[in-house]
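Participant: Chain by chain, the residues:
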Amino acid sequence: MRTATPPARRTRAIGLIAVALAGGVLLAGCQAGEAPVSEEPVSGGTLRYASGDAEPSCLDPHVGGNYPQALLASQFLESLVSRDESGEIIPWLAESWEASADGLSWEFTLRDDVEFTDGTPFDAEAVKVNMEHLKDPATQSSTGYLALGKVDRVEVVASDVARFVLTAPDSALLESLSQPWLAIESPAGLARGMEENCQAPIGTGAFVVDGWVKQERVSLVRNDDYVSPPADAAHDGPAYLEAIDWRFVPDAASRYAALQGGQVDVIDNPQPDTIAAADESGAFAWLDAPRPGASNRIELNSSQAPFDDERVREAFIAAAAVDDGIDALYFGTAARSFSALSSVEALAYSEPALFETDLERADALLDEAGWTERDDDGTRMKDGARLVLRFPVSTNQSVPAEQSLFEQVQAAAKEAGFDVQISLLDLSSWYGALFAHEYEIVSAPYTKVGPDVLRILYHSDSITPAPSGYFANLAQVNNPEIDALLASAASTSDPAERAAQYEQAQRLILGGHYLLPLYDQQNSFLLSPKVQGARALPTVSTPSFSDAWLAE
Amino acid sequence: MSELELRQTTVDAEAAHDREWARRGRPRAGTVIAGAFVVLLLAATAFPAFVATQDPNAISAADAFQPPSTAHWFGTDESGRDIYSRIVAGTGTSLLIGVTATVIGLALGLLLGVLASFGGRVVDFGVGRLVEVLFAFPGLLLALLVIVVAGPGPVTATIAVGLSTAPGYARIIRGQLVSIRSSQYVEAARVLGRPPRRILIAHLLPNALLPLVVLGTLGIGQAIVWAAALSYLGLGAQPPAAEWGAMLSAGRTYLQTAWWMTVFPGLAIVGTTIATTVLGRALARRERGAR
Amino acid sequence: MTGRSAGTGVPAPRRGAPGRAARHLALLLGGAVFVLWAVATLTFFAIRLIPGDPAQAILGGPGSQASQEALDQVRRDYGLDQPLVVQYLAMLGRLVTGDLGTSYSLKVPVAELLGAQIGGTLLLAMCSLATAWVLALGLSLWSTGRGRVASALGQGIELVAAALPHFWLAAVLIAVFSTGLGWFPPVATGTPAGFVLPVTTLAIPLAGFLAQVMRESLLDAMRQPFVVSARARGESALGIRFRHTIRHAALPGISLSGWALGWLLSGAVVVETIFAMPGLGRTLLQAVTLRDIPVVTGVVLLVALVYVVMTVLTDLVARVADPRLAQEGAR
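Residue numbers (my numbering), protein chains in the order written: chain A, 1 to 552; chain B, 1001 to 1291; chain C, 2001 to 2331.
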């Protein structure tokens, strides 16, 4: 076997060179303005995808509702609406929609030529069943359930018209419905019960779940009757790919090695250093698709000492130098953010001036706040208490580069006299620490389409924990003015007014020194050069392969 | 039989083969090198600031990922920290984890072993079963369970590793105590009418103690390796502590870009394991030879 | 250091050989059942100490926003509102019938889940054990009785091998054999080629341990009278090595195998994660993270069962390989 391998490898190397040469010729052809012959999509083949996200425990994104589920669901489920690259809502399974003047009733006109892959017709009844499924406590939906908070019921007006009846106007309704967590599944599929539906949900998408081997792979095969791509898709009709082999490869180094070895065609969650290397050498294409919703940020718990004093919060932000660290650790693949929202969001408001590093100012602020003494370690003291900041870090949610960045924040804040105590915790212990308020600073991702995520993260309602102990307002922002702005922006039907109110709310949130934005939620994919036509959906940035093909 | 018993028997057999060497009293070259390495480790533990060239936690993003050079002997890590200085600073932490885990394992093993060999037949049987049960939880599995119950962290990891080594020690100690108990001088003491507790304290424990120390030396290295595995799984030492296992797992991420981040902490772990084992064996040879 | 399942002092009654064997077997099996019961009990109560609400783990794990009604419903459904003793007895009752419960996170029967995983892990462990055996035997045969240099080199290799952490070794092997030479895939695909690196990663450190003990027993064996007489008869050194001494070298190896299997299962947690293989180790790690108690209990019990079976088997094998042990009876 060993003796057989080198020649085989040589052949492959020659093949690679040939492909590269061909690619070069093609590229030259393109630039010359000629119609490139082999840019014609090729049908057939299996795309091999290696995912580093956690393996979902249920493939139905209605149940729970996290990002790993969204990644997979985007391949076989579709939503009523989608979003284009400019952030405009565009038709998908719904052709058009209209809100009543009071904003309490929305009528969606649905496509009448779509069937689920089990043959069940897609109609208003299906939409109604799906929304009821999401609102049913037995479904255990979290993300979808929250997004439908203002939806009272869905009425079937005609077989292709569904009416959403709301309890209060919701300016975020379309954005909510565009998310994969509110995708439409076959009513017959849902009726099978949770256990069965979790294994292979039935949708209208370009692919169908063929099998799921736990901890190994999900097999997806082409839906040959596919007719319902979103309005911004590159082509109509069934996908070019015959199948997708979706593998779970938790270790980032192994994932990249598999891509290098030609064992897989696409990987997600690559290490920043490998992105930089791949991008520079041109060996792999880099698909950079930051997630929508909130930026990655460090939240400052303002409900308890020492951060109940705004000066101490401001001092921490002034002391925590992150720019150089982001550059070095992310190899230039992540841009610094100065906003609470992702740069994907059109309404994101940035204020860089608030986040300039200034150690002297930090020292002055802390002196002013009464943290004047220092102990032997150089940690500031006040009335015998040390200036300690507990920082629980979830090893499941923070990649190594981010953990290193937090260590740099720890070192930088030490200069000003903060004792930052990082604890690396698994997910359950991490939530446990948060629920018990055993944190002064914390970083938690939150993905949602649209600026309404601000209401979830910074409205005082989100301070009250759910029965499970969960609360989203980790900074414990409790400001009636911000509450009023966020509530009003969520219900206004005037886009200009909505934009103005969200901007004002963001000004107040950033100005209150509740958070230190770092960068967009990183979401990258590395693609082998033979993968063409893949893109990230502009909704929650999950990859879409309905237009993709494998070049020869 | 477990890894510890294995080491014990290996040492016994080796001692038997090396009687002449032991008698001559001249240490082997390997022992000398191992000894020098351990002295170095102890120096790094006692005077880290003196042995290190730089502040192990001094961050300098501009100097990140520097390959080994005269300024940074072992290169720098992702935050521009000097890896050599971090290895030096981590010596204490890593040794502490290894030693503490071993001490915990030994202490528990001693307790169980003494109980088994002096508690009478029923207790011996019970302890034997308990040891058997503990053995049924393989090392990392037991450690994971302890961590689930007590929460992750360096202390838990240390206790977990210690606990998982205890059954091995227990069996060896029981075996030794039983053989010493039946030896002639204990027999003599019993004939003279000494109470059992006196015999235990005056004769048995001192005789069992030196082998215990030897056994411990042999276990330290493996304890460090297991603690490193827990660090790799994100359940060990907490930043910015420069623990070797944590450094190793941090470096693994950048294996393609910065090999030195992985290789040097790896060498420190492997080197320490080997040095303590070699030294432990030399001690054992000496002890056997002296008997 | 022989194959006795536990080094405990159960006195050996003087009886005939068949009775002795039967009694020995009964003791072994009784001990095995006891160990399983104790492991189940220990795990059950240890898990009650885990902070956090099992009902929450069932409802989408940490961070879920389950309603109070849903939590109450789940507590009733899973019997979590019952007194601890009732829950414990219910669990024992289920275990006796082979029912390991239902996974909190995956909502599938634990037995089904683990049934699908154990094959891969056992195959990995067995292949690694076999490879380690071959490596260790080769190394010890090569390095013993050939003078100081070979002996020192052999010892050095053993020491280094035994000291290598799995995850480090795996990284190096991937860097060299996947990325560098392109011989083996870094992600196990179920093909034999994909199995090479994971097996090697687990086998090398284990081979280090095994070789240490094998070399010493080889040395012992070579001083035995029958070897000396064989040499006097003019048999070749190699022939002696193979015909007479391997069996002796193998004995401690056999009795180590029970321990080795447990050790390999520990290593599998790391190796399965790195090489993306489905298996018990990864299942356990995930279950621990999600506080999926039935799965954790299931894995622990299954591993204990494997250990117990291995102990009984090695005991029997050792008896076959070395008849002196059978004479000795159940000590």
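Any given hint could turn out to be false.
[Stated by the list, open to error] Per label pair, the in silico range of CB-to-CB distance: (1) A:E373 to C:V2176: 53 to 59 Å; (2) C:D2077 to A:S460: 49 to 55 Å; (3) A:E373 to C:A2152: 43 to 49 Å; (4) A:D136 to C:V2033: 24 to 30 Å; (5) C:D2072 to A:A353: 49 to 55 Å; (6) A:V227 to C:V2176: 48 to 54 Å; (7) A:D236 to C:R2076: 47 to 53 Å; (8) C:Y2088 to A:R361: 56 to 62 Å.
[Claimed, not checked] Straight-line C-alpha distance at most 30 Å; calculated DSS-like pairs for lysine-lysine: (9) A:K150 to A:K135; (10) C:K2107 to A:K530; (11) A:K150 to A:K128; (12) C:K2107 to A:K135; (13) A:K382 to A:K414.
Hints were generated in silico from the structure; no laboratory data involved.
Please read all numbers here as calculations on a predicted model, not as lab measurements.
Positions of the beta carbon are idealized from the N, C-alpha and C atoms, including for glycine.
Participant: Does each hint hold? Answer for all of them.
Facilitator: Results of checking the hints against the structure:
no., hint, verdict
1, A:E373 to C:V2176: 53 to 59 Å, "holds, 55 Å"
2, C:D2077 to A:S460: 49 to 55 Å, "violated, 34 Å"
3, A:E373 to C:A2152: 43 to 49 Å, "violated, 60 Å"
4, A:D136 to C:V2033: 24 to 30 Å, "violated, 45 Å"
5, C:D2072 to A:A353: 49 to 55 Å, "holds, 50 Å"
6, A:V227 to C:V2176: 48 to 54 Å, "holds, 50 Å"
7, A:D236 to C:R2076: 47 to 53 Å, "holds, 50 Å"
8, C:Y2088 to A:R361: 56 to 62 Å, "holds, 60 Å"
9, A:K150 to A:K135, "holds, 11 Å"
10, C:K2107 to A:K530, "violated, 39 Å"
11, A:K150 to A:K128, "holds, 15 Å"
12, C:K2107 to A:K135, "holds, 20 Å"
13, A:K382 to A:K414, "holds, 16 Å"
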